[in-house]
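K.L.:
If you read the sequences in order, they're chains A and B. Going by this note's numbering, the first sequence opens with residue 1, and the numbers climb by one from there. Going by this note's numbering, the second sequence opens with residue 1, and the numbers climb by one from there.
If you're looking for bench data, these hints aren't it; they were derived computationally from the structure. No experiment lies behind these values; they were computed from the predicted model shown. By construction, the Cβ of each residue, glycine as well, lies at the ideal position given by its N, Cα and C atoms. Do not rely on the hints blindly, as some may be mistaken.
[What the hints assert, rightly or not] Incomplete in silico selection of chain A near chain B, CB under 7 Å:
| # | residue |
| --- | --- |
| 1 | D51 |
| 2 | V54 |
| 3 | L89 |
| 4 | G90 |
| 5 | G94 |
| 6 | L97 |
| 7 | V103 |
| 8 | V125 |
| 9 | S132 |
| 10 | T136 |
[Said to hold, decoys possible] List time: in silico SDA-like cross-link candidates among lysine to any residue, alpha-carbon distance up to 20 Å:
| # | chain 1 | residue 1 | chain 2 | residue 2 |
| --- | --- | --- | --- | --- |
| 11 | A | K119 | B | P27 |
| 12 | A | K11 | B | S102 |
| 13 | B | K321 | B | A250 |
| 14 | B | K11 | A | P133 |
There are 2 protein chains.
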Amino acid sequence: MKNESSSLQVKDIGEQGLLAILQRFCPQEIIGDDAAVLVTTPEQSWVVTTDVLVDNVHFSHVTTSPEDAGWRAVAANLSDLAAMGATPLGITVGLGLPGDISVNWVERLYQGMTECLQKYNTPIVGGDIVRSPVTTLSITAFGQAYPHQIIRRSAAKVGDAIAITGVHGASRAGLELLLNPEIGQNLKDTDKAALITAHQRPQPRLDVLPILWNIFNSQSQIPNLKSKIAVAGMDSSDGLADAVLQICRASNVGAILEAKHIPLPPAFTNWLTPEQAINYALYGGEDFELVLCLPPDVASALVAQIGQDAAIIGTITSETKVLLHHENTEIPDQTLNLNQGFQHF
Amino acid sequence: MKNESSSLQVKDIGEQGLLAILQRFCPQEIIGDDAAVLVTTPEQSWVVTTDVLVDNVHFSHVTTSPEDAGWRAVAANLSDLAAMGATPLGITVGLGLPGDISVNWVERLYQGMTECLQKYNTPIVGGDIVRSPVTTLSITAFGQAYPHQIIRRSAAKVGDAIAITGVHGASRAGLELLLNPEIGQNLKDTDKAALITAHQRPQPRLDVLPILWNIFNSQSQIPNLKSKIAVAGMDSSDGLADAVLQICRASNVGAILEAKHIPLPPAFTNWLTPEQAINYALYGGEDFELVLCLPPDVASALVAQIGQDAAIIGTITSETKVLLHHENTEIPDQTLNLNQGFQHF
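When you get a sec, could you build the whole thing from the sequences and use the hints?
P.N.:
Right, here's the structure in full:
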């Protein structure tokens with residue numbers, strides 16, 4: 001009820017502006033990560049994350065079947081748990097539905113949610129179904145983590161290696177192919193299908209967590225390692241550049257990324273210009289990989305054990321900006337910024 | 001994707017029909033109460049509940065200020081926790097907003113949520129804000145309970161007394177007064193204000209829980225009482241009749257209610273006909289009191305200690321129907337049914 005905001009509309013201040021205003025209603029210490037942490041006992045923390053998806057804003061009947069909409073919604077929430085170092089325990093589903101939507105559509109949505117959930121042994125534990133003029137899907141996911149293993153955006157340290165768990169840009173390329181099939185005429189069918197699957201069925205990287213904890217445990221010379229783990233990270237749901245920028249902002253550090261170390265889908269090589277390819281990778285979003293800042297030896301071991309397209313793509317620096325370096329080229333370093341990312345309003 | 005449902009629309013089968021279909025995607029043991037229980041340790045259970053509220057369906061600019069919409073949304077969720085015997089730990093807020101909604105409206109919504117939350121020391125721990133053509137508020141609340149103290153709909157036993165924690169019908173009367181102010185012209189201003197407040201600022205009955213557990217502990221002659229507590233109950237958010245019917249259905253029992261023992265707001269006496277008054281109390285909804293089935297001695301002690309308008313209104317019976325008995329009148333017993341309650345589609 002501050003006077004200066006009485007005539008403002010939400011679209012005037014955007015998502016970040018509104019968040020800044022509303023955060024004063026929330027405890028400061030639990031804001032700012034992919035999910036909220038509620039520590040209940042010294043041995044166990046509960047981690048909670050929530051997402052709202054609206055028809056024609058977050059999914060579209062053109063590019064998304066109800067099964068895929070369900071899968072993607074669940075995957076996004078489980079990815080937020082993975083990004084906190086948490087193992088999922090269950091989700092609740094809040095559904096707003098127009099009366100004239102087909103029952104079959106709703107069943108197929110639940111089918112897609114369940115397919116993703118079953119892969120990670122996670123049940124739907126509750127929900128609410130209400131009438132709404134627009135189809136709306138609100139998912140809240142709960143997980144548990146050991147308090148000393150929680151991954152936070154604010155824990156990056158100068159000298160950390162920046163490791164990513166897979167290729168970036170594939171989801172965005174898949175979306176473009178769905179929206180404009182003609183752009184894919186020079187692509188092999190298998191490549192096209194792989195990119196579209198990356199968009200429709202993203203995989204939350206919960207599989208990375210046991211590998212990570214195992215490396216920490218095996219590398220430790222110290223009997224009680226618990227206080228020594230401080231992994232920084234988040235997922236790349238809003239894009240790889242966004243993830244690195246958010247971590248750097250929260251940790252008050254900077255980063256230098258090596259463009260040629262960022263793994264791209266092989267199909268990009270003869271299909272996109274190098275500029276398009278790196279733009280999809282940095283700003284495409286929805287790849288749901290983990291971006292982790294780790295001591296270099298831990299990062300090397302992690303990348304080796306994940307295999308596939310995991311890679312070390314850069315280093316945390318003390319200068320509070322994020323530079324993209326192009327090795328062996330004439331291209332000068334570029335400073336990345338958040339304005340190229342996705343804004344909700 | 002069953003063939004028989006492919007042409008059906010959600011409005012054809014209603015909320016209960018859709019729930020019946022979707023429940024096959026959820027584990028059976030955690031469905032059917034006000035909230036879901038996730039047992040994590042033998043000593044502690046996590047309880048989770050979620051509600052979705054849609055503009056013009058669940059709140060209206062005519063009857064509800066943004067502060068009241070926020071308060072009511074939080075109160076409904078905290079009431080679901082109370083109905084499970086759980087103490088709140090935090091909520092997440094998912095918000096869908098049109099771009100042209102005023103920032104002030106959103107701030108006032110959060111102000112109302114916070115006012116209710118602060119009364120119960122409960123923080124907003126996370127959320128999501130997205131663009132949507134219709135204002136939508138999804139709240140998920142988390143609480144904790146001792147596993148042996150969880151209140152379930154399915155635990156009512158023949159001979160239990162049915163205790164309620166306060167008057168019913170006030171919220172519905174308040175709503176009618178807001179929609180049709182002229183019907184209140186014979187009411188005192190203070191009575192009118194009290195009924196409207198009952199609608200705008202319902203109080204989740206978390207205060208009842210410590211009283212209840214204290215009675216159980218003090219009455220026990222057995223050193224380890226833990227296994228002896230099996231309270232049945234739910235809240236009366238969808239109406240008192242609905243609560244009794246749901247408990248009886250889940251417990252496979254029946255009930256007889258004494259009409260004259262159901263506490264009504266004093267203002268009803270010279271304002272409504274007896275039929276209107278009992279209808280508001282039974283079917284009005286949104287009073288957010290607790291309806292508990294307890295051994296008669298525990299129920300008596302509880303009602304005495306809560307005071308105010310708590311009352312024992314009936315008894316659990318073996319015949320699986322719910323009868324309303326009118327003592328000392330010519331009116332025959334009435335069989336209550338759910339069809340008089342509120343359906344979302």
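K.L.:
Each hint should be assessed against the structure and marked as holding or not.
P.N.:
Consistency of the hints with the structure:
The closest approach between the C-beta of D51/A and any C-beta of chain B is roughly 5 Å, which is under the 7 Å cut-off, so the hint is satisfied. With 7 Å as the threshold, the beta carbon of V54/A comes within range of chain B, its nearest partner Cβ sitting at about 4 Å, so the hint holds. At its closest, the beta carbon of L89/A sits 6 Å from a beta carbon of chain B; the interface hint therefore holds under the 7 Å criterion. Given the 7 Å rule on beta carbons, the hint for G90/A holds: about 6 Å separates it from the nearest Cβ of chain B.
Residue-level restraint check for G94/A holds (minimum Cβ-Cβ distance to chain B is 4 Å; threshold 7 Å). The interface hint given for L97/A is met, as the beta carbon of that residue sits about 5 Å from the closest beta carbon of chain B, less than 7 Å. Because the smallest distance between the Cβ of V103/A and any Cβ of chain B comes to about 4 Å, under 7 Å, the interface hint for this residue holds. Interface hint status for V125/A: upheld, as the beta-carbon distance to the closest one in chain B is roughly 4 Å, under 7 Å.
Using the Cβ-Cβ criterion of 7 Å, the hint placing S132/A at the interface with chain B is satisfied: the shortest such distance is roughly 4 Å. Contact between T136/A and chain B, as hinted, is supported at the beta carbon level, the nearest pair being about 5 Å apart and thus within 7 Å. Our distance criterion of 20 Å between C-alpha atoms is met by K119/A and P27/B, whose separation comes to about 15 Å. Distance restraint check for K11/A and S102/B: the Cα-Cα separation of roughly 9 Å lies within the 20 Å cut-off, and the hinted pair is therefore satisfied.
Using a Cα cut-off of 20 Å, the hinted pair K321/B and A250/B holds, with the two alpha carbons roughly 12 Å apart. The suggested pairing of K11/B with P133/A holds, with an alpha-carbon distance near 13 Å, which does not exceed 20 Å.
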